[in-house]
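A.B. asks: Sequence order for the protein chains is A and B.
Those letters in the first sequence? Residues 1 to 423, by the numbering used here.
Those letters in the second sequence? Residues 1 to 423, by the numbering used here.
If you're looking for bench data, these hints aren't it; they were derived computationally from the structure.
Every value quoted in this text rests on a predicted model; they were computed, and no experiment measured them.
Heads up, some of the hints might be wrong.
[Said to hold, decoys possible] Per the computed footprint, the stretches of chain A lying under chain B, defined by three or more beta-carbons under 8 angstroms from a beta-carbon of chain B, are:
| no. | stretch |
| --- | --- |
| 1 | 290-302 |
| 2 | 348-361 |
| 3 | 390-400 |
Just so you know, even glycine gets a beta-carbon here, dropped at the ideal spot from N, CA and C.
Protein chains: 2
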Amino acid sequence: MHAAFALKGLVVDTPIAGEIRTREGYLVCEDGLVEGFYDSLPGRLSGIPVKDCGGRLILPGMSDLHLHAPQYSYCGTAMDLELLDWLERYTYPEESRYADLDYARKSYAFFTRDLLHTTTTRAAIFATIHPEATLELMRQLDEAGLGAYVGKLNMDRNCPEHYSEGSPENGALQTRRWLEMCREAGFARVFPILTPRFTPSVTDAYMQKIGEISREYGAAMQSHLSENLSEIEWVKSLCPDAQNYADTYARHGLFGGACRTIMAHCIYCPEEEDALMKRNGVFIAHCPTSNENVIAGIAPAARYLRNGYEIGLGSDVAGGHTLNLFAVMASAVQVSKLRWRYVDQTEKPLTMAEALYMATAGGGRFFGRVGLFEPGYCFDAVVVDDGATRNLREFSAPERIERCAYLLSSRVEAKYVDGCRIL
Amino acid sequence: MHAAFALKGLVVDTPIAGEIRTREGYLVCEDGLVEGFYDSLPGRLSGIPVKDCGGRLILPGMSDLHLHAPQYSYCGTAMDLELLDWLERYTYPEESRYADLDYARKSYAFFTRDLLHTTTTRAAIFATIHPEATLELMRQLDEAGLGAYVGKLNMDRNCPEHYSEGSPENGALQTRRWLEMCREAGFARVFPILTPRFTPSVTDAYMQKIGEISREYGAAMQSHLSENLSEIEWVKSLCPDAQNYADTYARHGLFGGACRTIMAHCIYCPEEEDALMKRNGVFIAHCPTSNENVIAGIAPAARYLRNGYEIGLGSDVAGGHTLNLFAVMASAVQVSKLRWRYVDQTEKPLTMAEALYMATAGGGRFFGRVGLFEPGYCFDAVVVDDGATRNLREFSAPERIERCAYLLSSRVEAKYVDGCRIL
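Just chain A, with the same shape it has in the complex (with noise of 0.2 angstroms):
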């Protein structure tokens, strides 16, 4: 066999939403991808390296399907204000100053670095308006291993005049030739998707050109959606035509189906946005942490798992104060019990399995076979080494992940993505 090695330990993921499946054995790599899971190896494999990982967990990648690269810089801070005001205040002011080439180098690897050393093996990214900064993001990214889709932003609207593309026909020019600068650079994990921050910073006329560029390139995209009261309000004044919030992106054809879409939030999603995100495959990127330091709200993300909506979980940095995943799964059960207690007692709230599910199988069908240890899946795994959650207690392998999510002390001691090794 070609370019194989295994993995040998306790290897756990998530088949069903809500299940933990856990083995002990040998996890095969092939060619990137996984091979198969053996108790032992079979005589056909024998001779193989093999990785003894002792009695550390061997965990799908996980995949982060929502967060701001160069809010980076100010993650943790700044939680005093609601999404609008927070924007204007904090956010516009520093992504602003992506437009020097130079501090964007340097931030993005402080970021990049730290991506590497968290469980994250793929993300979906938004970073700014400026097409050369957003590459150097990308080559970091890439030149790291992981995989990810990166945006450069598209805003023409509502935004300060220096941090703003100006017109519709400009921001066109300047997408398009980025997504040329991106063809060029044949990057090997890293792809670019349309981002147009959300429908606040976009004239109809930049949708519309964004929707031709999203057909001509078969780019996918990512954005926004209900996320706030005031924003909702806001777009339903922006645009009074749309029959509601999805469709002020939907109508330009940028709203899942052929146009493959991530939609951070979906707090207050009327009906129609919900049965129109189901119909079109939008996926949805749950951002828990976020939501409450933003002061958004809970999305129902028990109720769209449980009815077979595409959904996963999203950092949101910097709303969200931190790039772990762990960290967002644990949120997520915390949030939802709130949510239970307040809002709807109509869903039980998610469990940690639902969580582990979301971070990895849920979020990785963005990213095609991500996320489950099954034969013809990417072979993204870490290694987690949490050595220091270690007590007098023996811990089955759920309750270990749920230690790793409440107490945020493990550490990633090996990482793949497609099979190569980058941490």
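Could you slot chain B onto chain A? The hints should help.
C.D. replies: The following block gives chain B in isolation, referenced to the frame of chain A:
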């Protein structure tokens, strides 16, 4: 000067709730107390030993007003039930194991080791009903140099037969025996506190005896109050003649005033309970992580703090999932935002400065002059290395504290209690 020394560096505390005071200079300790703060050491102090803390943060040691040491063994697991079921299913079976002194010794060693490495210098702790095991915990904490009030639990109803004191008479006997053991042990900074688990666990007859013991020994008390709606209904049915939940303690002299008292949670207190807490100076232990995990709700902590109640933070391990009060601070801010969003818009969310106040000055008041760097206060200090949170930006001291709370990657490098270095 006798036994004086100074810490040099960035000295941060909160003399006023909601305001962070940052001073750069020399914090002088003499005879275990804060002697003063100086921009530069005056002549009469020249020659005292100075520890240069470089750019690290020098914070008051934090006070954890509520936690269950025997539950630490399953901390971060078993998070799928509401309070009353959670007690039956997870808590009582584990706590009953502490009848075995050897088990207690081993388990408490993990607890003490881990508590030592947090920012906590003082804690109010629930143990189990076992006098010997409780004394063992007290001995370990005292040897580690930590300050604590520790309670052997009082329980004589609604608990498993093998985990009950059986009768008010035996309970009172065991409690007096334990108090005598404590007196004899003569710990330096660890003291007993009367601990009726909560009203459902303690008959009126036993509660009355506990009140008598409190007056006899001048002992403080700690318990739970109005955490969960089912619990409140249960108390009403158990004590139909009490005016409210608080009165089930107060009518026996166990609710503040001469009996210094901590009540954990206080989520659903009616007005008259609030009024009694305020009048009697009852300390509220606000436990936001636990209140999420056991699906209790969100306490009106901002209202309590801003209206002059005595209030501090509690990790409430193992309803809470971490001993780290930085994490509890972040959680306090986060859930207060959800409370504002979903429960009550009359009180703005807590700020991180208020959370730091509760963790230090607010909770510290229960232990005496603790939690501030003012002359005459106990010299309880932690030196926090937050180097792992650095990036290309310059962060102010309040921002660095915010990042310690959210990113949870700082490290306690040194720790002093009463001027003694214990880490």
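A.B. asks: For every hint, state whether the structure bears it out.
C.D. replies: Here's how the hints hold up against the structure:
Note: the stretch 290-302 of chain A has 6 residues with beta-carbon separation from chain B under 8 angstroms; the three-residue rule is met and the coverage holds. Counting residues of the stretch 348-361 of chain A whose beta-carbon sits less than 8 angstroms from any beta-carbon of chain B gives 3, enough to reach three: the coverage restraint holds. Under a criterion of three residues with beta carbons nearer than 8 angstroms to beta carbons of chain B, the stated coverage of the stretch 390-400 of chain A is upheld, 5 such residues being counted.
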